[in-house]
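K.L.:
Take our numbering: the final residue in the sequence shown is number 177, and no numbers are missing along the way.
Hints are not guaranteed to be accurate.
In silico lysine-lysine, DSSO-like type, Cα no more than 27 Å apart, as pairs [unchecked claim]:
#1 112 to 3
#2 3 to 24
#3 147 to 24
#4 24 to 66
#5 111 to 73
#6 3 to 139
#7 24 to 113
#8 3 to 66
#9 3 to 25
Pair by pair, the computed Cβ-Cβ distance ranges are [said to hold, decoys possible]:
#10 49 to 166: 38 to 46 Å
#11 162 to 137: 23 to 31 Å
#12 31 to 139: 30 to 38 Å
#13 114 to 135: 35 to 43 Å
Everything labelled a hint here was simulated from the structure, so no lab data went into it. Note that the coordinates shown come from a computational prediction; the quantities given were computed from them, not determined experimentally. Beta carbons: idealized from backbone N, C-alpha and C, even for Gly.
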Amino acid sequence: MKTAIIHFFSGTGNTQHAAELTKKVLESEGYSCALINSDFQNGTLSPEAGLEVFMFPVYGFAVPKSMLRYMKSLRLVKGIPAAIISVGGTQGKDEGFAGASVYQAEALLKKKGYEVFFIDFVSYPENWTLVFNPSSEKVSANVFSKKDVIIEGMAGYIASGRININKCSRFNLFWS
Numbered sequence: 002m003k004t005a006i007i008h009f010f011s012g013t014g015n016t017q018h019a020a021e022l023t024k025k026v027l028e029s030e031g032y033s034c035a036l037i038n039s040d041f042q043n044g045t046l047s048p049e050a051g052l053e054v055f056m057f058p059v060y061g062f063a064v065p066k067s068m069l070r071y072m073k074s075l076r077l078v079k080g081i082p083a084a085i086i087s088v089g090g091t092q093g094k095d096e097g098f099a100g101a102s103v104y105q106a107e108a109l110l111k112k113k114g115y116e117v118f119f120i121d122f123v124s125y126p127e128n129w130t131l132v133f134n135p136s137s138e139k140v141s142a143n144v145f146s147k148k149d150v151i152i153e154g155m156a157g158y159i160a161s162g163r164i165n166i167n168k169c170s171r172f173n174l175f176w177s
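Could you build the full structure based on these sequences and the hints that come with them?
P.N.:
Listed below in structure tokens is the structure:
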């Protein structure tokens, strides 16, 4: 049986929601999946799988510090296929911005010996409430319904091994 591990960090729950949905799709494609919350694990203890997915919110246009620490603690591997999905925020109109997060994660995973074949970004309801007002329940429900379809599509791509490297322009990184 094909095996997959989904490593995730979630600040307010959006990334955990996306990780659980990804797991559901991978299982429907014949994978035996495990979810590993990076907050409660040491990367050196994680079992090896045929596929590993890394999911995290974007904090300050970067990978959250706790997820970086977790990824740095991962064991060295040889050629395990890896996928990266970063999660940002939206108020229903404009998409968030992945910034340097995917570059950081990709570089770190490659150093660990992973073969990164999938990189993408999705926006769930904005939760940066120090800057923005929270989305209304109607807007949030609309965003979740649209973005869940996108996550399901991403998970389908990942299950098939389809290469998808969706990164922002390096020109935009000076904002990160």
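K.L.:
If a hint holds in the structure, say so; if it does not, say that too.
P.N.:
Each hint, compared with the structure:
For the proposed pair residue 112 and residue 3, the alpha carbon gap of about 24 Å is at most 27 Å, so the pair holds. Between residue 3 and residue 24, the direct Cα distance comes to roughly 13 Å. Compliance with the 27 Å bound is thereby established for this hinted pair. Note on residue 147 and residue 24: the hinted pairing holds, with a Cα-Cα distance of about 18 Å set against a maximum of 27 Å. A hinted pair counts as satisfied when its Cα atoms are at most 27 Å apart, and residue 24 with residue 66 qualifies at roughly 24 Å.
About 11 Å separates the Cα atoms of residue 111 and residue 73, which keeps this hinted pair within 27 Å; it holds. Taken as a hint, the residue 3 and residue 139 pair is broken in the structure, with Cα atoms around 38 Å apart against an allowance of 27 Å. The hinted pair formed by residue 24 and residue 113 meets the criterion: a straight-line CA distance of about 23 Å does not exceed 27 Å. Taking the CA atoms of residue 3 and residue 66, the gap is about 31 Å. The hint is violated against a cut of 27 Å.
Our distance criterion of 27 Å between C-alpha atoms is met by residue 3 and residue 25, whose separation comes to about 14 Å. Hint check: residue 49 to residue 166, Cβ distance near 23 Å, so the stated range 38 to 46 Å is violated. The hinted window of 23 to 31 Å between residue 162 and residue 137 is violated, with their beta carbons roughly 39 Å apart. Distance hint for residue 31 and residue 139: a CB-CB separation of about 37 Å, consistent with the stated range 30 to 38 Å.
A hinted range of 35 to 43 Å for the beta carbons of residue 114 and residue 135 is consistent with their spacing of about 41 Å.
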